[in-house]
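As a plain string of letters, each chain reads:
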Amino acid sequence: MKLGLAIEELHRSENHLARVLLAVSDRHKADHEVFYVARDIAGWSQRHVTELARIGADFGVDLDPEPEGEPGILEKLQQATSDLLGRRPEPGLLLLAGLRHVHREAAGVSLDWELLAQAAQGARKRELLGLAERCHPDTLRQMRWANAKLKESATQALVS
Amino acid sequence: MGRSWASAAGPSTGSTTAGWDHGWQANNSPDRLTRPLIRRDGELVETDWDTAMDAVAGRAKELLDERGPSSIAFYTTGQLFLEEYYTLGLIAHGGIGTNHVDGNTRLCTATAAAALKETFASDGQPGSYTDVDHADVIVLYGHNMAETQTVLWSRVLDRLAGPNPPQVICVDPRETPVARAATVHLAPWPGTNVMLMNALLHEIIGNGWVDRGYVDAHTVGFDELAKRVQDYPPEVAAEVCDVPVEQIREAARIIGQAQRLLSTVLQGFYQSHQATAAAVQVNNINVVRGMLGKPGCGILQMNGQPTAQNTREAGADGDLPAFRNWSNDSHIQDLARVWNVDPMDIPHYSPPTHIMQQLRYIEEGSIRFFYVTATNPAVSLPELTRIRSLLSQERLFLVVQDLFLTETAQLADVVLPAATWGEKTGTFTNVDRTVHLSEKAVDPPGEARPDLDIVIDFAHRLDLRDKDGAPLVKWSDPEGAFEGWKECSKGRPCDYSGLSYDKLRGRSGIQWPVTDEHPDGTEHIYVDGQFWAQPDYCESYGRDLVTGAPLDETEYRALNPTGRAVLKAAEYLPPHELIGVDFPFQLITGRTLYHFHTRTKTARAPQLQAAAPEVWVEMSASDAADRGWSEGDLLAVTTPRGRVEAKLRISGIRPGVLFLPFHYGYWDQPAGHEPDGHGRAANELTLTDWDPCSKQPIFKTAAANATRLAPGDGPAAAPTTTGSRPVAGDVPPTRGGAAAEAVEELATGGAR
Chain A
0 MKLGLAIEEL HRSENHLARV LLAVSDRHKA DHEVFYVARD IAGWSQRHVT
50 ELARIGADFG VDLDPEPEGE PGILEKLQQA TSDLLGRRPE PGLLLLAGLR
100 HVHREAAGVS LDWELLAQAA QGARKRELLG LAERCHPDTL RQMRWANAKL
150 KESATQALVS
Chain B
0 MGRSWASAAG PSTGSTTAGW DHGWQANNSP DRLTRPLIRR DGELVETDWD
50 TAMDAVAGRA KELLDERGPS SIAFYTTGQL FLEEYYTLGL IAHGGIGTNH
100 VDGNTRLCTA TAAAALKETF ASDGQPGSYT DVDHADVIVL YGHNMAETQT
150 VLWSRVLDRL AGPNPPQVIC VDPRETPVAR AATVHLAPWP GTNVMLMNAL
200 LHEIIGNGWV DRGYVDAHTV GFDELAKRVQ DYPPEVAAEV CDVPVEQIRE
250 AARIIGQAQR LLSTVLQGFY QSHQATAAAV QVNNINVVRG MLGKPGCGIL
300 QMNGQPTAQN TREAGADGDL PAFRNWSNDS HIQDLARVWN VDPMDIPHYS
350 PPTHIMQQLR YIEEGSIRFF YVTATNPAVS LPELTRIRSL LSQERLFLVV
400 QDLFLTETAQ LADVVLPAAT WGEKTGTFTN VDRTVHLSEK AVDPPGEARP
450 DLDIVIDFAH RLDLRDKDGA PLVKWSDPEG AFEGWKECSK GRPCDYSGLS
500 YDKLRGRSGI QWPVTDEHPD GTEHIYVDGQ FWAQPDYCES YGRDLVTGAP
550 LDETEYRALN PTGRAVLKAA EYLPPHELIG VDFPFQLITG RTLYHFHTRT
600 KTARAPQLQA AAPEVWVEMS ASDAADRGWS EGDLLAVTTP RGRVEAKLRI
650 SGIRPGVLFL PFHYGYWDQP AGHEPDGHGR AANELTLTDW DPCSKQPIFK
700 TAAANATRLA PGDGPAAAPT TTGSRPVAGD VPPTRGGAAA EAVEELATGG
750 AR
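Note that the protein sequences, when read in sequence, are chains A and B. Per numbering that gives the first Met the number 0: the first sequence = residues 0 to 159. Per numbering that gives the first Met the number 0: the second sequence = residues 0 to 751.
Hints are computed from structural coordinates only; laboratory data are not their basis. Predicted model, so just to flag it, every value in this text is computed and none were measured. Any given hint might turn out to be false.
Stated by the list, open to error - Residues from chain B that face chain A, not an exhaustive set, calculated with beta carbons under 8 angstroms:
#, residue
1, Asp64
2, Tyr213
3, Gln256
4, Arg259
5, Ala548
6, Leu572
7, His575
8, Thr687
9, Pro691
As the list claims (entries may be wrong) - The following residues of chain A were derived to be distant from chain B, with all beta-carbon distances above 10 angstroms:
#, residue
10, Ala22
11, Thr49
12, Arg53
13, Glu65
The beta carbon of each residue, even a glycine, is placed where N, CA and C say it ideally should be.
Whole structure, please, built from the sequences with the hints as guidance.
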């Protein structure tokens, strides 16, 4: 059985998604809703990381329950730069690129959860299936957020 | 002496405030704007209407040619008439084609509308003021009704003093007059409303105080809600909200066993963290208890301004008129038919641009024309240093239409003098859907003109036309606009088609919908679990309560194919700005009975100004004692964004929380529109953050510090009759004096 591998991969991709969300947040501090919501929903991925590490032990993988990438000096610098660049139009285009990135990463994580759920069902691992059923909807919400925010921001960024 | 507005408006009125008893004096103030002003060599100077309007229309035309409609934005109010909002929305959406339209209702009632759209898929108030007369339990969530809707509060006081008084539950971190009248007063830590609401629902559902028949027949989402609130036992909420667990249980028991439950909600929820999620849980309580559409059973998601309801209905808050759904193509086509324009000309590619996002576009320079009517963002919006700097930009053309030279008007390129109520005719609608006609009695001062005339003049100068080349705006007076609105609203939830000016003259106050079928209006909507939530008819498919992402049609159809009420669960998230060593207090801002918005009118009514002449800051007795501070000490209140100096009022507010009234700006101070030395506007301190669902800015969760600058030379000049009542007894009481006494002539004769 390769369930341990699937858990390990998801642990990695959720960690990555959390970092991507936090990076978008840091780069767009002047876009206040993006700044706050991206942080709020990065917390979902961080929670998934912890839960995956906990259940990983049952499948013979040793994973770090602490999410990676709490903001350091570099991120603080990015926030300050974002504020300083607030009066310029380019951040609008950067935001579109950032949201596109979030959507792509979240779509990958979503597929990883699908894989894990399928495997858990096949192997009759109830607890693991329950985890997938609990966490996967969060990933879909992260995707929908990136999609919706992109739609909402696109017109002004591209037409004005 | 003044004649009471309440007696003229009849018993259905409930949302007028004490301000009306004296506020009318401001209409006659010598400070009224009487001529248009235009900026020449950096100074605002008087000019004629033609020059002013040509400058406004000229700059709009230039920008439309150079940068297109997305460079134009409108920001209006909750103070005009229905006819004016509808016309403004037509001009902006149907004529200019910009998506950037909002009202300052974003600050007061956006969450009310958003919460109703989440639960019932449409705006529209599921309660009536008459419910106060029948309810056996009235719960006020973050709603200091005694200071915001005094007439409605009198109705509650009548019940409390009469036979079979209702039980009252108050959720408020301050000891307001409502809290003093309450059976249970819950004073949660600011920003934890969702936690508290989930705990109440945990108890209500856990104890089986649920109308299963109603839930099964008329709702979707119950199982998910029940599952979600399992994670929120009262013990957890007691810890997070810092409220005794017995109080949460007691409140849940009273609500859960109510026979006729009336719930009302206002800014303590709407302007706080997770605004929509919290307000939706209030809806959920009434829905799971089956307490809707019957006498005494209702929800009042309140408004903060006299005509905010009309801003929402007519589409001046950015929504499409008459609760049309911007993401439903057939609704756009129908609106295009009414307006006789191409559907492509009505922007509907994304939700309307709310004011906080408009400001972001102003900041980055893509909005260059900003037309403000009857509101004062330079005092009322959060983080004022930022707001002032955005509005003062050279590249922004700022138009302000108002009665007075407000702080915002002082930053404008053109100022247009407007008429106020009594000087123009139009309709206005209460929060409980009651429509009134307000007629012109006197001429406006000088050259001031009704807002309707000004915006129609603007449309004509832009030469806005329909698809057949006829003028876009087909009316020239309020009654014409009202007839246009009747056509637009026909068949929609807020149906005015059975009304007319003549009918409203015959009888003051009729509740919409008013149709051929219901010619006398409708006291209760949502009777027998019938909603306006069908996918083809509804105003909104809803949003994610945490991310704000709108649901699309397919998702909504799958969730709610037959148009039931939607029970939406929400997880609690901690507030975005948490207290710490440097900023140990949670700062909340709010209003006082005697002032309205930014004091533009109330400070010009002598009795109101005398009752609350200067800003103050409230702190609990225990926090003051810990620091050795006393009533009247001069404090500096700071956040990372600014600093305000104010005298200390030791009040019944809960420990750990500071309160500042938000009314005080600078128009009657030396610098006019900004601080001269020290700040006194509460919004110097607030943070730029808003609810992702309703887009309402957050004014009630900012981490702050307080330091003492000097011991006091007397008590703070805060009212003693309100939520700012002092806990110590040595403060002179607030009194109106002889000039404030009113005599009311009753129709049956005699006086009281």
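Comparing the hints with the structure gives:
1. Asp64: Given a least distance of 14 angstroms, the restraint on Asp64 (chain B) is violated.
2. Tyr213: Since the shortest Cβ distance to chain A is 27 angstroms, the answer is violated.
3. Gln256: 34 angstroms, violated
4. Arg259: 37 angstroms, violated
5. Ala548: With a minimum Cβ separation of about 4 angstroms from chain A (threshold 8 angstroms), the hint on Ala548 (chain B) holds.
6. Leu572: The hint holds - Leu572 (chain B) has a Cβ within 8 angstroms of chain A, the shortest such distance being about 6 angstroms.
7. His575: The hint holds - His575 (chain B) has a Cβ within 8 angstroms of chain A, the shortest such distance being about 5 angstroms.
8. Thr687: Where the cut-off is 8 angstroms and the nearest Cβ of chain A is about 5 angstroms from Thr687 (chain B), the hint holds.
9. Pro691: 5 angstroms, holds
10. Ala22: About 18 angstroms separates Ala22 (chain A) from the closest Cβ of chain B, which puts it past 10 angstroms; holds.
11. Thr49: Its Cβ never comes within 10 angstroms of chain B, the nearest being 16 angstroms, so this holds.
12. Arg53: Given a closest Cβ separation of 18 angstroms, the condition holds.
13. Glu65: Consistent with the label, Glu65 (chain A) stays out of reach of chain B, its closest Cβ about 19 angstroms off (over 10 angstroms).
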